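As given, the protein sequences belong to chains D and G, one line each in that order. Reminder that position 135 of the first sequence reads as 135 in the working numbering, one-by-one numbering, no gaps. Reminder that position 31 of the second sequence reads as 31 in the working numbering, one-by-one numbering, no gaps.
Hints listed in this document are in silico derivations from the structure and should not be mistaken for laboratory results. Wrong hints could be hidden among the right ones.
Cβ-to-Cβ under 10 Å is the rule here; a few derived chain D residues that face chain G [as the list claims (entries may be wrong)]:
#1 GLY97
#2 GLN113
#3 HIS118
#4 PRO119
#5 SER133
#6 PRO176
#7 ARG182
#8 MET186
#9 LEU194
Which chain D residues stay away from chain G? Per the calculated CB distances, all over 12 Å, these [as the list claims (entries may be wrong)]:
#10 GLU17
#11 ILE22
#12 SER45
#13 ALA50
#14 ALA76
#15 PRO100
#16 PRO138
#17 GLY155
#18 THR159
#19 ARG209
These figures come from a predicted structure and were not determined experimentally. Every residue, glycine too, gets a C-beta built ideally from N, C-alpha and C.
2 protein chains.
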Amino acid sequence: MRIAVIGTGSAGRQLAEGFRRIGHDVVVGTRDPAATQQREEWSGSDLSLAALADVGRGADLVVNVTNGEGSLEALAHVELDGKVLLDVANPLDFSAGFPPTLSVKDTDSLAEQIQRAHPEARVVKALNTVTASVMVDPRSLPEETTIFVAGDDAGARETVRSLLGELGWVDIVEFPSLDAARGLEMWLPLWVRLMGALGTAEFNLRLVR
Amino acid sequence: MRIAVIGTGSAGRQLAEGFRRIGHDVVVGTRDPAATQQREEWSGSDLSLAALADVGRGADLVVNVTNGEGSLEALAHVELDGKVLLDVANPLDFSAGFPPTLSVKDTDSLAEQIQRAHPEARVVKALNTVTASVMVDPRSLPEETTIFVAGDDAGARETVRSLLGELGWVDIVEFPSLDAARGLEMWLPLWVRLMGALGTAEFNLRLVR
């Protein structure tokens, strides 16, 4: 399928490359494609870049990999109506340093904010609970681990679930309601502290039941 | 050692019985021991009960298993100075139904509130990330899982770590700072939703790295 990745940071590039590796047609959305192409980390890349206003055109799936605090602003420029929007971003607030706090939590979530801003989009929260290299290659960890999918739209959840399967995810726990994104995003305060304690971001939880 | 368990709910009883099973001298603190003894679930129990004002006397370790919203009030009656306080409670707010929200989070935690209220106590957060039956019997799950310990006082963390080992915990991740309790408590919004999705509270995460 055609996947539009919104976000040109390291995570955006890793996801775009990961989706392309499994055979998808990927385009990366950025405010200014010419400027992004000049950046050192993009100059050697042959990933397609497009302006935010154009990147949604023809896309079956749009993936939000922007910085959580800039997500609403960036997505405002993207055509999302009727599309599946996979939100992998986290509303991390680093304004007081490390560890970050969450700019939205508990009674709301970034995913729900995006859904309210784009009522015709089919928002699914997934993959935000792991670092980008694990998102696209779960088999890089020494054991099978667990990933979560939350969304109101069953068809959209199925689209994401199928994509996760292609990436190598097997143990997928599904929540049939987007407000479960509150739980997925509130895992981050523990995740960031584990990253500090373990000295690596390459970890994940395996749900034992 | 002598362990004072504060809280007479199901979790308090399970913990008290679990600590006794591994050979500790356990007393359970309650507002009114005679009234608690009359309650159906305590009438057949031979666990020792004591008033909150007396229960801390001679205890090496005090364990807070009260309802998170009542913890500060209950602990106000307990002698905690110089003692290790193991806080397993969660600040769950059910006033708007299920799933609960957190009454303190992100920039503070219940464990830190308790520490501020009892500056001479040596507060350690642990075990709050699993249900009571798993706390005292981690081997009841089909695979080894992970438990967390957070606290400012190294000796107090070691006391708790040793107790966890006696209960059967092997994979113990330690945070040398009590504010990591924010992360441990913020796992709960995902935990309660997983309980709903899985249809059981008997689960835990195994940290794969």
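Comparing the hints with the structure gives:
Using the Cβ-Cβ criterion of 10 Å, the hint placing GLY97(D) at the interface with chain G is not satisfied: the shortest such distance is roughly 12 Å. For GLN113(D), the interface hint is violated, the least distance from its beta-carbon to any beta-carbon of chain G being 16 Å, above 10 Å. Because the smallest distance between the Cβ of HIS118(D) and any Cβ of chain G comes to about 24 Å, over 10 Å, the interface hint for this residue is violated. Nearest Cβ of chain G to the Cβ of PRO119(D): about 24 Å, over the 10 Å cut. The hint is violated.
Of the supplied interface hints, the one on SER133(D) is violated, with its beta-carbon coming no nearer than about 13 Å to a beta-carbon of chain G, more than 10 Å. For PRO176(D), the interface hint holds, since its Cβ comes within 10 Å of a Cβ in chain G; the closest pair sits about 9 Å apart. The closest approach between the C-beta of ARG182(D) and any C-beta of chain G is roughly 6 Å, which is under the 10 Å cut-off, so the hint is satisfied. Taken as an interface hint, MET186(D) checks out: its beta carbon lies about 5 Å from the nearest beta carbon of chain G, inside 10 Å.
Taking 10 Å as the C-beta cut-off, the interface hint given for LEU194(D) holds, the closest approach to chain G being about 7 Å. With a least CB separation of 23 Å from chain G, GLU17(D) remains clear of the 12 Å interface cut-off, as annotated. Residue placement check: ILE22(D) keeps its beta carbon more than 12 Å from all beta carbons of chain G (closest about 22 Å). No Cβ of chain G approaches the Cβ of SER45(D) within 12 Å, the least distance being about 29 Å, so the stated non-interface status holds.
Chain G leaves ALA50(D) outside its interface by the beta-carbon criterion, the shortest separation being 35 Å against a cut-off of 12 Å. Chain G leaves ALA76(D) outside its interface by the beta-carbon criterion, the shortest separation being 26 Å against a cut-off of 12 Å. Distance to chain G contradicts PRO100(D) as a non-interface residue, since its nearest Cβ pair spans about 10 Å, not more than 12 Å. For PRO138(D), the condition that its CB be more than 12 Å from all CB atoms of chain G is violated, with the nearest at approximately 10 Å.
Interface exclusion of GLY155(D) from chain G stands, the closest Cβ pair being 19 Å apart, more than 12 Å. Listed as outside the interface, THR159(D) is consistent with that label: its C-beta sits roughly 20 Å from the nearest C-beta of chain G, beyond the 12 Å cut-off. With a minimum CB-CB distance of about 4 Å to chain G, ARG209(D) fails to clear the 12 Å threshold, and the non-interface call is violated.
Checked against the numbered hints above, the structure violates hints 1, 2, 3, 4, 5, 15, 16 and 19; every other hint is satisfied.
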